[in-house]
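Participant: Residues 1 to 327 (the working numbering) are what the sequence shown spells out, left to right.
One or more of the hints may lead you astray.
Claimed, not checked - With a straight-line Cα cutoff of 25 Å, these simulated DSS-like cross-link-like pairs (lysine-lysine) come out:
#1 Lys11 - Lys28
#2 Lys28 - Lys90
#3 Lys11 - Lys90
#4 Lys272 - Lys325
#5 Lys91 - Lys166
#6 Lys28 - Lys306
#7 Lys11 - Lys325
These are calculated hints, taken from the structure and not from any lab test.
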Amino acid sequence: MIATRLTERFKLQHPIVCAPMALVTGGKLAAAVTAAGGLGILGGGYAGTHGGEPDLDEEYRAAGNTPIGIGFISWAVHHAPRMVDWALAKKPACLFLSFGELQPFARQAQEAGVPLFAQAQTMAHVRAAVDAGAAVVIAQGAEAGGHGGARSTLPFVPEAADWLAKHAPDVLLLAAGGIADGRGLAAALTLGADGVLVGSRFWAADEALTHPDAVARGIAADGDATVRTAALDPLRGVDWPAEFSFRVLRNRFASEWQGRETEARAQFGALKEAYAQARVRGDYEMALTVVGEATGLIHAREPAAKIVASMVAEAEAALRRAAAKVV
Numbered sequence: 001m002i003a004t005r006l007t008e009r010f011k012l013q014h015p016i017v018c019a020p021m022a023l024v025t026g027g028k029l030a031a032a033v034t035a036a037g038g039l040g041i042l043g044g045g046y047a048g049t050h051g052g053e054p055d056l057d058e059e060y061r062a063a064g065n066t067p068i069g070i071g072f073i074s075w076a077v078h079h080a081p082r083m084v085d086w087a088l089a090k091k092p093a094c095l096f097l098s099f100g101e102l103q104p105f106a107r108q109a110q111e112a113g114v115p116l117f118a119q120a121q122t123m124a125h126v127r128a129a130v131d132a133g134a135a136v137v138i139a140q141g142a143e144a145g146g147h148g149g150a151r152s153t154l155p156f157v158p159e160a161a162d163w164l165a166k167h168a169p170d171v172l173l174l175a176a177g178g179i180a181d182g183r184g185l186a187a188a189l190t191l192g193a194d195g196v197l198v199g200s201r202f203w204a205a206d207e208a209l210t211h212p213d214a215v216a217r218g219i220a221a222d223g224d225a226t227v228r229t230a231a232l233d234p235l236r237g238v239d240w241p242a243e244f245s246f247r248v249l250r251n252r253f254a255s256e257w258q259g260r261e262t263e264a265r266a267q268f269g270a271l272k273e274a275y276a277q278a279r280v281r282g283d284y285e286m287a288l289t290v291v292g293e294a295t296g297l298i299h300a301r302e303p304a305a306k307i308v309a310s311m312v313a314e315a316e317a318a319l320r321r322a323a324a325k326v327v
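Model the full structure from these sequences, guided by the hints.
Facilitator: In structure tokens, the structure reads:
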């Protein structure tokens, strides 16, 4: 057992949180991670403002009576604030927000008595999260799959830990980005985090909504096969803020447009329909496999409970090995 402030405050067995990945973390996966002793967070994604998203009512029901959190992309849910009302009415374990302004939703969460988890990609985001009343801040490094910033996990997490210790000692810190096994969990704890937010490893869980062909591609790849770019969202017709880029597995689409961000922005939405069709037919040379550098650490599609148990056992072993080296 690894006890931290996160496990104590949120009554968890293990300091492992499943990221609320859009189109991936449905109710079944979120519930499986919670049942395994961590905390699962339903991926609310774009809050229904973009096509092809799962029905959140249906996904929430799929979790049954298992306590889970609910997360949204901040800038998107500003276009559908009713979804935050919907989420808070469920009394989730937490409201998770990332990628944009936290208010007025942070205030609503406080009024509803629901802890706010706020993901940060810069120190400015960390400070804004604390100002908004976040109970937990997630320092996300650029190694992460999907959208993120430019900071690397290794220096970002301890910098955030130091700042929080000085200015907001009661706020918990999670590390995210490139953490997919027990070694990553052990490293995060030694860097000053209270736990980890895991995306890519759970992206390949049995219970995830991820298409089997995408998982197969991720398992076959190594970390070198991913690319971070800001060119693909404009072409897909998704208006992401300029400060965030997108890490995906390299394919024909990503390779063709890498480094062509200005040109892509000038053609906003040009490939929206073609991309949607590619997703439907499972054409992963056009459709994106959204996974991080940790794809090189994923070797099989496994149940979430096995992933959690393996991470904890590996972390305990890694921490013992490290302690044994101290003389």
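Participant: Please go over all the hints and tell whether each is borne out by the structure.
Facilitator: To see whether the hints hold, each was checked on the structure:
Straight-line distance between C-alpha atoms of Lys11 and Lys28 comes to about 20 Å, which keeps the hinted pair within the 25 Å bound. For the suggested pair Lys28 and Lys90, the alpha carbons sit about 16 Å apart, so the restraint of at most 25 Å is met. For a cut-off of 25 Å, the pair hint linking Lys11 to Lys90 stands: about 19 Å separates their Cα positions. Proximity of Lys272 to Lys325 is assessed by CA-CA distance (about 54 Å); at most 25 Å being required, the pair is judged violated.
The suggested pairing of Lys91 with Lys166 is violated, with an alpha-carbon distance near 31 Å, which exceeds 25 Å. Our distance criterion of 25 Å between C-alpha atoms is met by Lys28 and Lys306, whose separation comes to about 15 Å. Our distance criterion of 25 Å between C-alpha atoms is broken by Lys11 and Lys325, whose separation comes to about 32 Å.
Violation of the numbered hints given earlier is confined to hints 4, 5 and 7; the remaining hints are satisfied by the structure.
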